[in-house]
Amino acid sequence: MNRQHLVSRVLKPAIFIAALVPLALLLWGATHDGLGANPIETITHETGDWGLRFLLITLCVTPLRRITGWNELIRLRRMLGLFAFFYVCLHFSTYIVLDAFFDLDYILEDITDRTYITLGFTSFLLLIPLAITSTDAMVRRLGGRRWRLLHRLAYAAATGGVLHFLWLVKVDIREPLIYLGILLLLFLARVPAVADRLARIRGAGRDEKTSAPRQIAT
Amino acid sequence: MLIKRPADIKSSEITDEAVYLDRRRFIGGAAGLGAAAASGLLLPGAASALVSDPKATGAVLPGIVDGPFSTDEDVTAYKDVTRYNNFYEFGTDKADPSKNSGRFKPKPWKVKVLGECEKPGDYDFDDIIGQHALEERIYRLRCVERWSMVIPWVGVPLGPVLKRFQPTSKAKYVAFRTVFRPTEMPGQQRGILDWPYVEGLRIDEAMNPLTLLAVGIYGRELPNQNGAPIRLVVPWKYGYKSIKSVVTIRFTEEQPPMTWNMTLPNEYGFYSNVNPEVDHPRWSQARERRIGEILKRDTLMFNGYSEQVADMYSGMDLRKYF
Numbered sequence: 000m001n002r003q004h005l006v007s008r009v010l011k012p013a014i015f016i017a018a019l020v021p022l023a024l025l026l027w028g029a030t031h032d033g034l035g036a037n038p039i040e041t042i043t044h045e046t047g048d049w050g051l052r053f054l055l056i057t058l059c060v061t062p063l064r065r066i067t068g069w070n071e072l073i074r075l076r077r078m079l080g081l082f083a084f085f086y087v088c089l090h091f092s093t094y095i096v097l098d099a100f101f102d103l104d105y106i107l108e109d110i111t112d113r114t115y116i117t118l119g120f121t122s123f124l125l126l127i128p129l130a131i132t133s134t135d136a137m138v139r140r141l142g143g144r145r146w147r148l149l150h151r152l153a154y155a156a157a158t159g160g161v162l163h164f165l166w167l168v169k170v171d172i173r174e175p176l177i178y179l180g181i182l183l184l185l186f187l188a189r190v191p192a193v194a195d196r197l198a199r200i201r202g203a204g205r206d207e208k209t210s211a212p213r214q215i216a217t
Numbered sequence: 000m001l002i003k004r005p006a007d008i009k010s011s012e013i014t015d016e017a018v019y020l021d022r023r024r025f026i027g028g029a030a031g032l033g034a035a036a037a038s039g040l041l042l043p044g045a046a047s048a049l050v051s052d053p054k055a056t057g058a059v060l061p062g063i064v065d066g067p068f069s070t071d072e073d074v075t076a077y078k079d080v081t082r083y084n085n086f087y088e089f090g091t092d093k094a095d096p097s098k099n100s101g102r103f104k105p106k107p108w109k110v111k112v113l114g115e116c117e118k119p120g121d122y123d124f125d126d127i128i129g130q131h132a133l134e135e136r137i138y139r140l141r142c143v144e145r146w147s148m149v150i151p152w153v154g155v156p157l158g159p160v161l162k163r164f165q166p167t168s169k170a171k172y173v174a175f176r177t178v179f180r181p182t183e184m185p186g187q188q189r190g191i192l193d194w195p196y197v198e199g200l201r202i203d204e205a206m207n208p209l210t211l212l213a214v215g216i217y218g219r220e221l222p223n224q225n226g227a228p229i230r231l232v233v234p235w236k237y238g239y240k241s242i243k244s245v246v247t248i249r250f251t252e253e254q255p256p257m258t259w260n261m262t263l264p265n266e267y268g269f270y271s272n273v274n275p276e277v278d279h280p281r282w283s284q285a286r287e288r289r290i291g292e293i294l295k296r297d298t299l300m301f302n303g304y305s306e307q308v309a310d311m312y313s314g315m316d317l318r319k320y321f
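Here the protein sequences line up with chains A and B, keeping their order. Counting in numbering that gives the first Met the number 0, the first sequence tops out at residue 217, every number present. Counting in numbering that gives the first Met the number 0, the second sequence tops out at residue 321, every number present.
These aren't lab readings, by the way, just hints derived from the structure by calculation. Errors might be hidden in some of the hints.
Straight line, CA to CA, 25 Å or less: simulated DSS-like cross-link-like pairs of lysine-lysine [said to hold, decoys possible]: (1) K78/B / K98/B; (2) K169/A / K93/B; (3) K319/B / K171/B; (4) K78/B / K104/B; (5) K54/B / K78/B; (6) K78/B / K109/B; (7) K169/A / K319/B; (8) K169/A / K98/B.
Just some of the chain B residues that point at chain A, by a computed CB distance under 7 Å [said to hold, decoys possible]: (9) T91; (10) D95; (11) W146.
Positions of the beta carbon are idealized from the N, C-alpha and C atoms, including for glycine.
So that you can see chain B by itself, here it is in the shape it has in the complex (with noise of 0.2 Å):
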């Protein structure tokens, strides 16, 4: 179907569906809330502490407020989270980030941002984060090796991130990549992937309001083998889409590469989208081990967040969009 739009609108000013969908949402009032309630998610604005752990480290990151989308689930420990993730740029161990990190430098930043946008050039962190308000984000993490996570974020959403960069009608897709510092990064002196390390994502999916530009856990600043200082999450793709440590913002027009696609096309599709219904080629992805948790747990579809993102897939073979 082709729908005709005035000329002079850009299409990265039009408000995504899902936005216009959580807006509809939050004026519905009581019963959406009860509905909002039932699924775990809370609302923008809904009052609660930010999440803490007395075992976190770090900077504590002033004046966060409660974001939405949060799950009131039980988050995973700190130690957990940052002693047990994949970050193949420190090792491909799962504890390899947590003990070689060490000597990153994540201060001072720079993200250089170009291609298909009108205000390209280097930012530093500040000017990429400081003018929006650092939001707390309690979202599950599933990681394509069958186990997940349930992380406290702070961040800030993405898209209006990359409104501020205005992206032209020829963004279609937004890349991102990885810094290269082979000394700093062990991992990297190992020609195990192709770096540096390199993702995507369709600019609707950028400009998703889940998708978040993370710059702590646990109120605090991100930790080294997290991703420091700068990464993404993108909750309803498998946990190699949330690219680390992130220097390099390009809008394009033509679909971006990722490096785990290009390692092994058959296994990592572009969209990586969690679905318990679409297999890894080596193994099933209808459960997953929550950290903490003895006995595996069902796999949502979209990671439990089909109703912020289903729309962005309709009609498409999500078999063969893997």
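Chain A on its own, in the form it takes in the complex (with noise of 0.2 Å):
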């Protein structure tokens, strides 16, 4: 099997179906009264979680392409932004539902006067117009250069989801503060003459076209 098969074949349905467990064990837990005294606050922890987890795995996956040489890993990128951009769309719907009922005063006050929720929103709507362009039809209307721009906005809504978190913690900030360093690292690893490096390690370097997927199906 090649590279290209092992990617497609093996590592892509299998992370398909782990990126599906946080789901079902939430889903488990709240039949089988396993998620604690609080389920609400457990559901968009976890949610929330999962959300900044596979954002930040989406950013990965650049810089681990350069590192191994494995191009073929861009194929893995879009279904892990995708699941990053679903379990955001539950944590908020958790919010709007479990949390605030629909109440939209409620909403608009939070999302005006708390500033962790002003941030978590935005990264929210920034990640909207990344899920809508993920399709081979929109990179081709885009057109490989304005996509590439427009989708460095995952670098944004990763930063916005980061803050989101530290912000909200009341003294005890080591998860966020791991989340926040995994960011940092993804920005050095943007800066040109740290990504030349990287791509020296296995001598495997590609320029930048290649990180807009390519016009095939995957």
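Using the supplied hints, reconstruct the complex from the two chains, each of which is provided in its own coordinate frame.
What follows is the structure, given as structure tokens:
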């Protein structure tokens, strides 16, 4: 089996299944009294955590590709990004339905007055155009250059997500700081000089052109 | 307004207004009873069986009487009260206290009493509690994090306990301190807060008949994770004011420091009264999720205890004194 097959036929379906495990655990917990004393809080935290994790994992694809020289990894990026969007949507819906119960005044006040909600909501909004333009057809319509430019918003969304988390924690900021650290490393990996060095690790560097998905079905 | 008082009456011996009002309400008879029932309060002496839970463990406390001010709302399940709470001495996750408190030894226990009082000293647990009748009091508890519970506490009112130490006229505040035992309390091994945890009340708040020195829940001894063996319960204030595992009681003339205020002064004030109108700087306090319920409910002023406590704050700007 060549590398392309390994990524498309093994890695991708395996990650697809794995990415559904957090949702499955939540559903199992919700039906088996397994989400603790405050199940809504657990659902809110878990979906938020996984939205942020998948966003950061998605942003790891390009540096990882540079380091390993496995350009086929690009075929995982769209799926990972859409899983990030999926969990963020669940997180947002939990807030709208179970926290605010569709109370528009309450939601608007939260979005305008609470910095952490402003940040989280902005990140959610930023992810919407990225999800919409994730199809091959949209890549074609926008053209690789514009598409890449647009999809740099993923970094803004991840930054907003990390700050959203950091801002709501009372004093024990260890966990959000880990995410902040990962995010800073990802930014560092995008610095051209660093990116070149990463590419030289395996001598398999590719320039920016390949980071837009090719117009082929994956 | 200056009110002249005869000099020979100590301020600590003057009947609190809330007690006075409570007596008046009691004397008020049928009308008062109806009003109290409507507001969800049970009067002292009203008959009701003690709350129990089949999952409750720990030694049964003998001789508990039915205390005043209990709510008739549904009580929170024992497993939730004991497995979901904040007690940073055992870790910052709300499941940590129940997981990490197994090595804590609440017996024997001594409380040091000092400061502006006639009878300072080291008191054993029984010296503190033993002279008073244990009461069951079912109180609402509102956490600053916007969740709430209804807990059947067992304890004694703090006021009569404090009066036995004979606070002097300089005793304007009461300061409390939690035990510091990093080997038994793993959370204290990290400098997440400036240990030991300290809290304080104004003397009239401490003497308020609502304020409880709790030694149990659900008719049994307090579990380690809930602040064994002695903790404060101040139901009209956010949960962190109800300091756990108390080892020091100090009467002071000046307002004593409190841990959360020292940690984040713009977020946590000395008073910390539950107030739906005054937001936490980072989130609204208008609503709360009662544990066991799905949708949020409105938070009540003073957590629903206005009748007992509002007078203590009349004329105060509660936005300034948050």
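> Is the hinted pair K319/B and K171/B satisfied, with a Cα-Cα distance of at most 25 Å?
Replying inline: The hint holds at about 20 Å.
>> Tell me if the straight-line CA distance from K169/A to K98/B falls inside 25 Å.
In response: Satisfied, since the Cα-Cα distance of roughly 21 Å is no more than 25 Å.
>> Can you verify the interface hint for W146/B: is its Cβ closer than 7 Å to any Cβ in chain A?
In response: Holds: closest Cβ of chain A sits about 6 Å from W146/B, inside 7 Å.
>> Just to be careful, I want the Cα atoms of K78/B and K104/B compared with a cutoff of 25 Å; is the pair within it?
In response: Holds, at about 21 Å.
>> K169/A and K93/B were given as a pair; does the straight-line alpha-carbon distance stay at or below 25 Å?
In response: 13 Å, holds
> Is it true that the CA of K78/B sits at most 25 Å from the CA of K109/B?
Replying inline: Status violated; Cα separation ~29 Å.
>> Is the interface hint satisfied for T91/B? The criterion is a beta-carbon contact with chain A at less than 7 Å.
In response: 4 Å, holds
> Keeping to a limit of 25 Å between CA atoms, is the pair of K78/B and K98/B held or broken?
Replying inline: Distance of about 13 Å is within 25 Å: holds.
>> Restraint: D95/B near chain A, CB-CB cut 7 Å. Satisfied or not?
In response: Nearest chain A Cβ about 10 Å off; hint violated.
> Between K169/A and K319/B, does the CA-CA distance stay at or below 25 Å?
Replying inline: 21 Å, holds
>> Does K78/B sit within 25 Å of K54/B, going by the straight-line distance between their CA atoms?
In response: 7 Å, holds
The earlier numbered hints that this structure contradicts are 6, 10.
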